[in-house]
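2 protein chains.
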Amino acid sequence: MFMESVDGRRRVVIEAVEPQVDAGRFAIKRVAGETVQVAVDLFGDGHDAVAGAVLYRHESRREWSSTPLRPLVNDRWEAEFRVEETGAHLYTIEGWVDHFLTWQRDLRKRLQAGSETEVDFLIGADLVEAASLRAPSEDAARLREWANALRERLDAASALDETLTAIVLRYPDRTLASRYERELRIVVDRPRAGFSAWYEIFPRSCSFTPGVHGTFADCARRLPEIAAMGFDVVYLPPVHPVGRLYRKGKNNSTVAQPDDVGSPWAIGAEEGGHKAIHPQLGTLDDFRAFVAEAREAGLETALDIAFQCAPDHPWVRDHPQWFRARPDGSIQYAENPPKKYQDIYPLDFETSDWRALWEGLKSVFLHWAAEGVRIFRVDNPHTKPFAFWEWVIAEVKRQYPDVLFLSEAFTRPKLMYRLAKVGFTQSYTYFSWRNTKAELTEYFHELTATPVREFFRPNAWPNTPDILPEFLQIGGRPAFMIRHALAATLAANYGIYGPAFELCENEPRERGSEEYLHSEKYEIRQRDWDAPWSLKDYIARINHIRRENPALHADRRLRFHPTDNDMLLCYSKTTEDMTNVIVVVVNLDFRYRHSGWVHLDLDALGVEAEHPFQVHDLLGGGRYLWQGSRNYVELDSHSLPAHIFRVRRRVRTEADFDYYL
Amino acid sequence: MFMESVDGRRRVVIEAVEPQVDAGRFAIKRVAGETVQVAVDLFGDGHDAVAGAVLYRHESRREWSSTPLRPLVNDRWEAEFRVEETGAHLYTIEGWVDHFLTWQRDLRKRLQAGSETEVDFLIGADLVEAASLRAPSEDAARLREWANALRERLDAASALDETLTAIVLRYPDRTLASRYERELRIVVDRPRAGFSAWYEIFPRSCSFTPGVHGTFADCARRLPEIAAMGFDVVYLPPVHPVGRLYRKGKNNSTVAQPDDVGSPWAIGAEEGGHKAIHPQLGTLDDFRAFVAEAREAGLETALDIAFQCAPDHPWVRDHPQWFRARPDGSIQYAENPPKKYQDIYPLDFETSDWRALWEGLKSVFLHWAAEGVRIFRVDNPHTKPFAFWEWVIAEVKRQYPDVLFLSEAFTRPKLMYRLAKVGFTQSYTYFSWRNTKAELTEYFHELTATPVREFFRPNAWPNTPDILPEFLQIGGRPAFMIRHALAATLAANYGIYGPAFELCENEPRERGSEEYLHSEKYEIRQRDWDAPWSLKDYIARINHIRRENPALHADRRLRFHPTDNDMLLCYSKTTEDMTNVIVVVVNLDFRYRHSGWVHLDLDALGVEAEHPFQVHDLLGGGRYLWQGSRNYVELDSHSLPAHIFRVRRRVRTEADFDYYL
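As given, the protein sequences belong to chains A and B, one line each in that order. Numbering follows the working numbering, in which position 486 of the first sequence is assigned residue number 487; successive positions increment by one, without gaps. Numbering follows the working numbering, in which position 581 of the second sequence is assigned residue number 582; successive positions increment by one, without gaps.
Errors might be hidden in some of the hints.
[Unchecked claim] Result set (BS3-like, lysine-lysine): computed pairs, CA atoms no more than 25 Å apart in a straight line:
#, chain 1, residue 1, chain 2, residue 2
1, B, Lys110, A, Lys341
2, A, Lys276, A, Lys363
3, B, Lys341, A, Lys110
4, B, Lys438, B, Lys415
5, B, Lys110, A, Lys340
Everything labelled a hint here was simulated from the structure, so no lab data went into it. Remember, predicted model here, so these are calculated numbers, not experimental data.
Start from the sequences and build out the full structure, keeping to the hints where you can.
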């Protein structure tokens with residue numbers, strides 16, 4: 002009838018704890034140094050006063066830290082704590098009936114009504130004495146004294162003494178405290194998980210001699226320029242031997258010429274598979290040198306992990322059971338009927354040998370992690386089981402807690418979110434196809450202001466080797482500037498595929514296609530990195546602004562502000578402490594100059610309606626004196642399509658600016 | 002590294018299952034015969050087709066029933082099933098990758114592109130043969146035949162044969178199916194849990210001789226009238242001996258006269274406690290006779306269970322540890338400072354003897370259940386621990402699955418909802434204080450169109466012995482009519498405290514108070530049940546309409562329709578199959594006649610915009626020919642403040658009505 006472990010006297014109810022993902026099935030995400038704001042419904046039966054606390058700890062420690070909950074309205078309470086270390090943390094809630102608080106509250110009412118009696122003070126004295134038994138010696142002594150005084154004096158002044166009350170409240174009676182039924186998890190990553198600028202580059206196109214296959218060494222010579230543009234992650238497509246069987250030719254032709262280099266995503270050949278280096282790029286030592294030089298330049302190297310095999314990948318020979326055989330004995334190649342990809346064999350995750358397959362794939366991550374790589378961009382994770390990702394990410398992080406995983410899943414929304422839930426640190430997004438004010442507002446609201454933000458970290462890409470969006474095809478250089486400004490300021494994590502991006506390459510393979518003409522996926526490209534139309538200075542400027550302004554280092558405080566022109570998008574980001582406030586206005590039209598009025602939510606910016614404030618355009622350099630919510634802007638996308646304002650509050654005099662911020 | 006029990010090849014993800022309460026912590030509620038509509042996110046990795054099913058069973062059975070899920074959009078699926086038996090049911094979800102469906106889908110694309118090959122048919126033949134191994138003999142034979150035919154003919158007609166396809170789909174390969182991580186509970190009650198009309202009456206006021214204490218026998222003589230008004234539950238305030246110590250006098254006076262009868266909620270005296278019968282009402286046999294006569298009249302008897310004690314309750318003597326002692330040795334009486342209720346001792350649920358206390362309270366329910374009582378109205382449950390209610394309701398239902406519990410908690414919203422979650426069948430609501438169109442719309446939307454509806458069954462009361470709302474005090478008879486029509490048609494469960502209600506008693510003890518003057522809580526009342534202003538015929542008419550129209554037997558399909566006059570509230574209810582459609586319009590103003598236009602959501606009513614339809618006022622008797630969304634209404638609250646229309650669709654001719662409904 003009674004469960005042994007349950008004490009029916011625990012009277013406090015704890016419900017609706019936020020944040021949590023799928024009722025605690027998955028962890029929420031934070032980076033080291035961020036705050037976790039917890040809210041909870043907490044109440045007891047009857048009229049007794051209740052109190053509560055958030056308990057939290059790093060999973061490696063036994064002891065909980067505790068921070069008291071503050072009541073809001075309607076039985077909702079909140080508290081916050083900071084997570085400083087990487088790794089998994091846990092948090093939960095405790096709540097209890099507080100008889101001392103109840104007694105003081107009721108005594109105040111009695112005193113007001115003049116209905117207090119002797120016994121009311123004696124009850125308090127007993128409660129204070131009980132608290133003294135929970136307190137360490139010095140406080141214990143003071144509380145015993147107080148209890149005695151109360152019994153003697155029986156007066157209001159003693160009963161409500163604030164200093165002594167504060168001491169009692171340090172030692173609440175938690176013996177009948179309720180504990181929330183779940184311990185909730187937080188995965189805390191290093192700061193780069195939350196703030197990063199990626200530059201994707203094909204080393205094979207980095208030779209300085211036309212027509213020659215580039216090497217890691219060639220690519221390393223570009224690192225200073227990439228760093229100067231302000232990027233901090235250099236991401237390389239697969240660096241493994243490229244398959245020869247059914248190799249693709251230029252422009253995805255099914256017939257390759259003898260000198261065609263094939264797709265780096267057709268992984269594996271007689272030289273090796275996912276742990277080998279493509280000989281034309283160099284040796285393992287060359288790769289190590291590249292990683293080291295990048296690090297020197299302030300760039301972290303990210304590798305592409307694509308779990309699929311060219312027909313001549315060693316696994317096809319060594320582990321034929323990892324691939325699906327067809328009734329005629331052939332191996333099932335990748336397909337999306339009627340399209341066929343004969344140069345790629347997918348892995349069969351329904352193989353009875355799945356445990357060995359999982360271990361084999363895990364060993365790929367561990368191999369490169371052992372080489373110092375700590376960021377993996379995972380190709381098409383949505384075509385492998387979610388359970389595999391949950392397992393492999395946890396396994397890799399167990400050995401290398403600082404590894405970051407970027408999910409390259411451009412698929413249906415719930416699949417993308419599930420990948421983030423099972424552990425991917427960052428995720429590609431639909432940003433590439435969201436161009437209008439309504440689209441951008443709705444999408445980034447979903448990503449940053451709904452529960453999605455607890456598990457899904459957007460990484461916004463205006464282009465990739467697979468995606469040359471129509472907006473860039475049609476809009477040319479102004480469109481590239483618009484999309485870069487949006488990616489870099491809407492999302493704390495973003496990336497470009499360069500140098501195609503800064504050189505504004507925008508010719509599609511054919512009308513209606515998002516594939517590049519002469520895509521680097523199938524051939525070597527040579528470029529003039531110093532072309533006069535290059536956006537490298539513009540990009541460098543924006544990346545510099547990003548670095549200098551901590552408001553742009555996170556997404557949770559993104560907020561959209563109305564404008565009266567649908568071609569003008571206005572949004573702000575601030576730090577938690579409001580010491581850094583950024584307002585961005587972007588002209589979304591690559592063709593025309595636009596002007597209009599923005600309607601700022603001044604509260605969200607920490608600005609008072611009565612006083613003028615300065616907005617300083619960190620991109621264009623201009624300074625504007627604004628007042629109130631409604632302010633005028635004008636932007637020409639052919640010169641500079643965006644303002645990135647830093648808000649400087651408290652203009653003291655017009656002659657002598659005196660900023661507090 | 003690998004958990005033994007986990008098969009990594011289960012590739013389907015099951016998320017966001019609805020309905021569920023607090024992630025399955027609590028059961029959803031249904032009555033026997035109702036439908037459970039389940040929705041779920043279900044998807045797999047990659048491009049393979051998936052399928053799924055809802056599994057459900059009565060907890061007493063081992064075998065699951067299964068009903069297939071239908072895909073909606075965005076990876077959402079749905080299915081429904083009916084619960085026919087009372088008691089707990091369970092449901093969960095299963096999903097799997099369906100290689101046969103995948104094969105047929107892909108083959109169709111290949112055929113369209115003309116890219117099919119021999120091996121494509123052979124793959125299908127293997128899948129059909131595999132299905133034959135899961136099928137019983139007759140189907141197995143047909144599938145083997147089909148597989149052979151496919152291997153011989155290699156043609157589209159054989160591969161896509163619809164009859165044979167339907168057979169295969171009966172035997173999906175579920176060996177790698179995923180099962181949702183939770184089994185969700187449904188508490189299924191008998192139909193009265195979902196549809197009931199309560200009449201609260203004080204037997205002590207039922208004597209036909211002025212000044213004499215009424216008895217069960219007196220009260221039984223009123224039963225035919227109560228039944229004639231259309232009620233089906235007769236609810237009695239506590240029937241136990243009334244305490245003598247600190248007994249309250251008339252109008253809640255702290256000094257009782259010798260002949261004062263005291264509050265029935267001050268339970269217990271030397272004659273006994275919660276299991277005894279108040280001698281002035283009669284004997285246990287008299288009580289039994291009352292229950293039997295009520296049953297004969299079509300009325301079920303509900304008892305009031307108030308877990309609190311008069312100072313002379315036997316428990317105070319026999320179980321002093323169930324009460325809280327104060328430092329001076331006295332027992333703590335009930336308080337809400339500065340108010341004191343010296344005639345009532347609350348139970349101390351923090352007593353170390355809590356297990357015995359819980360058992361003692363449980364035995365009260367079991368005692369009266371053994372006497373045939375199956376409905377308990379529980380007084381102030383929010384002043385006893387939620388954990389106690391969860392336990393005691395489950396315990397009582399284990400022995401008496403048909404017992405219903407009504408929660409009389411007028412307190413903060415989250416406490417009221419928690420009581421419903423832990424097991425109360427029905428709950429009192431804020432209806433008593435919701436008078437305006439905005440208030441009623443917002444509140445009943447929350448109760449019937451949000452997840453609240455899964456666990457909280459409103460029971461709407463326009464008055465109670467404790468609550469004489471201002472609206473009734475000021476508005477008089479028209480106000481009583483308005484509030485009755487609202488309670489009886491907004492909520493499938495409702496009740497009145499009579500005969501105070503139908504006699505329109507509305508004098509408060511003092512201005513600003515919601516207490517009745519000469520409240521029956523403290524004295525005996527005599528009344529003329531046949532007063533000419535009695536609403537008994539009006540109430541009878543509405544209760545008759547309720548019974549005849551199944552649309553009014555549930556709350557989930559309540560829908561509000563806009564009107565252009567804020568004094569006119571319009572809403573509809575329909576059955577699931579749309580065979581019964583009720584539209585109600587109420588004039589909320591007890592003072593003035595109001596007219597205006599209602600804007601019906603015709604889709605919600607199953608009415609076509611192009612054809613006229615008849616609305617038949619079941620209350621006033623009028624018939625109106627309406628067409629389209631916008632229709633005129635006019636209501637005088639002094640004659641009849643409400644229309645209760647039955648919508649009759651498909652008027653064939655104006656001369657010769659031919660209704661389908």
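These are the hints, each one checked on the structure:
| no. | hint | result |
| --- | --- | --- |
| 1 | B/Lys110 x A/Lys341 | holds, 12 Å |
| 2 | A/Lys276 x A/Lys363 | holds, 11 Å |
| 3 | B/Lys341 x A/Lys110 | holds, 12 Å |
| 4 | B/Lys438 x B/Lys415 | holds, 23 Å |
| 5 | B/Lys110 x A/Lys340 | holds, 10 Å |
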